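Asks: Listed below, chain by chain, are the residues.
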Amino acid sequence: MDWISAIVQGTLLGGLYALFAAGLSLIFGVMRLVNIAHGDLIVLAAYMGLSTTVMLGIHPFVALLIVMPVMAGIGYVLQRGILNRTLGDDILPPLLVTFGLSVILQNALLEAYSADPQKMNAGVIETASVPVGGLTLGVLPLLTFGIAVAVIAGLQFIFYRTSLGRAFRATSDNSDIAQLMGLNKTHVFGMAMALALAVTAIAGILLGIRTSFDPSVGGARLIFGFEAVIIGGLGNLWGTLAGGVILGVAQTIGAKIDPGWQLLAGHIAFLVVLAIRPQGLFPRVSH
Amino acid sequence: MSARIVRTSRSAQVAMVIAAFGLIVLAAAPWWAGRADLRLLGEIYLYLSLAMLWNLMAGYAGLVSVGQQAYVGFGGYLLFALTMFAGLHPIVAILAGGVLAGLLSVPVAVLIFRLKGAYFAIGTWVMAEVFRLSFAQASSLGGGSGSSLPVDVVKSLADSRSGREALSYWLALGAAVTVIVCVYLFLRSNRGLALTAIRDSEVAAAGLGINIWRTKLEVYVVTSAFTAIIGGLIFLQKLRISPDAAFSVNDWTAFVIFIVVIGGIGTLEGPIIGTILFFLLRETLADLGTVYLIVLGLVAIVIMLKAPKGVWGLIRSRFDLELFPLSYRVRTDAADKGR
Numbered sequence: 004m005d006w007i008s009a010i011v012q013g014t015l016l017g018g019l020y021a022l023f024a025a026g027l028s029l030i031f032g033v034m035r036l037v038n039i040a041h042g043d044l045i046v047l048a049a050y051m052g053l054s055t056t057v058m059l060g061i062h063p064f065v066a067l068l069i070v071m072p073v074m075a076g077i078g079y080v081l082q083r084g085i086l087n088r089t090l091g092d093d094i095l096p097p098l099l100v101t102f103g104l105s106v107i108l109q110n111a112l113l114e115a116y117s118a119d120p121q122k123m124n125a126g127v128i129e130t131a132s133v134p135v136g137g138l139t140l141g142v143l144p145l146l147t148f149g150i151a152v153a154v155i156a157g158l159q160f161i162f163y164r165t166s167l168g169r170a171f172r173a174t175s176d177n178s179d180i181a182q183l184m185g186l187n188k189t190h191v192f193g194m195a196m197a198l199a200l201a202v203t204a205i206a207g208i209l210l211g212i213r214t215s216f217d218p219s220v221g222g223a224r225l226i227f228g229f230e231a232v233i234i235g236g237l238g239n240l241w242g243t244l245a246g247g248v249i250l251g252v253a254q255t256i257g258a259k260i261d262p263g264w265q266l267l268a269g270h271i272a273f274l275v276v277l278a279i280r281p282q283g284l285f286p287r288v289s290h
Numbered sequence: 003m004s005a006r007i008v009r010t011s012r013s014a015q016v017a018m019v020i021a022a023f024g025l026i027v028l029a030a031a032p033w034w035a036g037r038a039d040l041r042l043l044g045e046i047y048l049y050l051s052l053a054m055l056w057n058l059m060a061g062y063a064g065l066v067s068v069g070q071q072a073y074v075g076f077g078g079y080l081l082f083a084l085t086m087f088a089g090l091h092p093i094v095a096i097l098a099g100g101v102l103a104g105l106l107s108v109p110v111a112v113l114i115f116r117l118k119g120a121y122f123a124i125g126t127w128v129m130a131e132v133f134r135l136s137f138a139q140a141s142s143l144g145g146g147s148g149s150s151l152p153v154d155v156v157k158s159l160a161d162s163r164s165g166r167e168a169l170s171y172w173l174a175l176g177a178a179v180t181v182i183v184c185v186y187l188f189l190r191s192n193r194g195l196a197l198t199a200i201r202d203s204e205v206a207a208a209g210l211g212i213n214i215w216r217t218k219l220e221v222y223v224v225t226s227a228f229t230a231i232i233g234g235l236i237f238l239q240k241l242r243i244s245p246d247a248a249f250s251v252n253d254w255t256a257f258v259i260f261i262v263v264i265g266g267i268g269t270l271e272g273p274i275i276g277t278i279l280f281f282l283l284r285e286t287l288a289d290l291g292t293v294y295l296i297v298l299g300l301v302a303i304v305i306m307l308k309a310p311k312g313v314w315g316l317i318r319s320r321f322d323l324e325l326f327p328l329s330y331r332v333r334t335d336a337a338d339k340g341r
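Heads up: the sequence lines are chains A and B, in that order.
4 is the number of the first residue of the first sequence in my numbering; add one for each residue after it.
3 is the number of the first residue of the second sequence in my numbering; add one for each residue after it.
Okay, chain A solo, but in the shape it has when bound:
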């Protein structure tokens, strides 16, 4: 029963990892950009949530109403102001610029909030649990997983059912022809980054409620998100959710064997997938 419990907990944890990964997957899909600062942006969102809840005395979930649009705005400005200039055939500029951004964000957060671990208080929901078929599941992990499924379904809907999604797909397929058809590439990329950072805001708030965080934890979040994307297969959002679940389950099973093995087990699962199926488990596009 302990093992089943570990697997179920890992599955729910995978929802959070899928949220880390969704933004990463989205911007890679639209503009082939890998954002090294992605994890630090998640942590930035968590700190924003913390400040909003403390200053306005509101619940973290209500704070999302403020943090999501602010993060989306930051994403749009960041993309049009800086990142659009780095896109091209050479992979170095985007990589190094987002790497610089990551160091700036980390140290700016350190300057503003110190290195002390912080946590958001979400009230009774943090400890509430429901019995499900002999297992006791936390309401918060269940809710996180539900939100992850909803976010991915929402992104899927935007991608395949709206004009914005059509613009994303067109620019991704061939940005020059999309320009000829009257799309403004820089604006489309800005919107993609805005959407990605709105998702990041949700991930950051859920992270901040679930565990304590400090300015240095961004790198690990980036890695978890990245592993979920690669395990699931590039360009497939539902695959990313599956990748997050596999990573989460590997981690909880690892922790069950030996607490020191939690992170290592996740990385090993990733390396095994890379070794036997480098294109990921459910790839949609090939590169």
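By construction, these hints were calculated from the structure, which means they are not laboratory data.
Treat the hints with care, since some could be wrong.
Claimed, not checked - In silico BS3-like links for lysine-lysine, alpha-carbon gap of 30 Å or less:
1) Lys-308/B / Lys-118/B
2) Lys-122/A / Lys-259/A
3) Lys-311/B / Lys-218/B
4) Lys-188/A / Lys-311/B
5) Lys-308/B / Lys-218/B
6) Lys-118/B / Lys-311/B
7) Lys-240/B / Lys-157/B
8) Lys-188/A / Lys-308/B
9) Lys-118/B / Lys-188/A
As the list claims (entries may be wrong) - Some chain A residues flagged as far from chain B (calculated, every beta-carbon gap over 10 Å):
10) Val-11
11) Gly-60
12) Leu-98
13) Glu-114
14) Asn-124
15) Pro-134
16) Asp-179
17) Leu-186
18) Gly-263
Claimed, not checked - DEER-style ranges, computed between Cβ atoms:
19) Gly-137/A / Gly-291/B: 48 to 54 Å
20) Ala-30/B / Ile-271/A: 47 to 53 Å
21) Arg-287/A / Phe-321/B: 48 to 54 Å
22) Lys-240/B / Asn-124/A: 52 to 58 Å
23) Leu-241/B / Ile-279/A: 38 to 44 Å
24) Ala-131/A / Asp-289/B: 32 to 38 Å
25) Val-297/B / Arg-287/A: 48 to 54 Å
26) Ile-271/A / Asp-161/B: 15 to 21 Å
This one's a predicted model, so the numbers in the text were calculated from it and none came from an experiment.
Every residue, glycine too, gets a C-beta built ideally from N, C-alpha and C.
Given the coordinates of chain A, work out where chain B should sit on it, guided by the hints.
Replies: Showing chain B alone in chain A's frame:
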């Protein structure tokens, strides 16, 4: 009028003479520099070596890794493990660490070379995390809290403290010179030519019959081995190691990347200039703490956007300078007479 193709230039000859004199002065530093200056210089040489190696990998082979701290930490830990448990002399242990890192980097490369471009970068980071977590599990090496180099191992280097400091200084200087000379000779060789071709266009290079995967693998293995040796020397200076210090992405990758980007990526002069600028900036702004790192990040971003070839690129675009004679030039008799 006849024309000849030459490789050397007046600026390279002058640079060579200045470098030779500079090297003699620096080698004598234990007699003219204070203890703190000696330490700082040693640190500069080791960062210069890391920057040279990363530049060879990222700037020439296109392998943009953010995970070379894996090998810095590996080399450091092997120094501790091989001296403490196998009773090796520290210098032998450091060299053995380099060889083992080279061997280990082959299976690592086979796995992460499956990732392309930017995903390769994050893949190297995952590898570094695997290394860090694995060494944190090794309780005989102090687990997560790390361990110090035993006194008798330290004493085996030299009896007096000043003797040890001088030796560790010369080792760092020797390592930097070795790395620079090796990278230079490698780039001048046929394989270096293949690598430069890959840097300029992978498709064209493949068309000329260059085995891209193999060339990249060779560069990855050699730089990883050297990086581990430098890591051993770094922790020979520090005398203490812990997983967080040994596998720090900030210390061993972020700084190194900034050095190379600011100096000029894909050139041999870039890392040298970058290292000098980095330490000038650090020594003047270090009191500011985190602000210093923010400034460093901003400088790197501005350089990448406005002058992607770095400070050396700016200098080269104004003056026809080349300190390391790598490119070929056409020299006519008329030009010779004009000199």
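Asks: Are there hints from earlier that the structure breaks, and if so, what are their numbers?
Replies: Violated: hints 12, 13, 18, 22, 24, 25 and 26.
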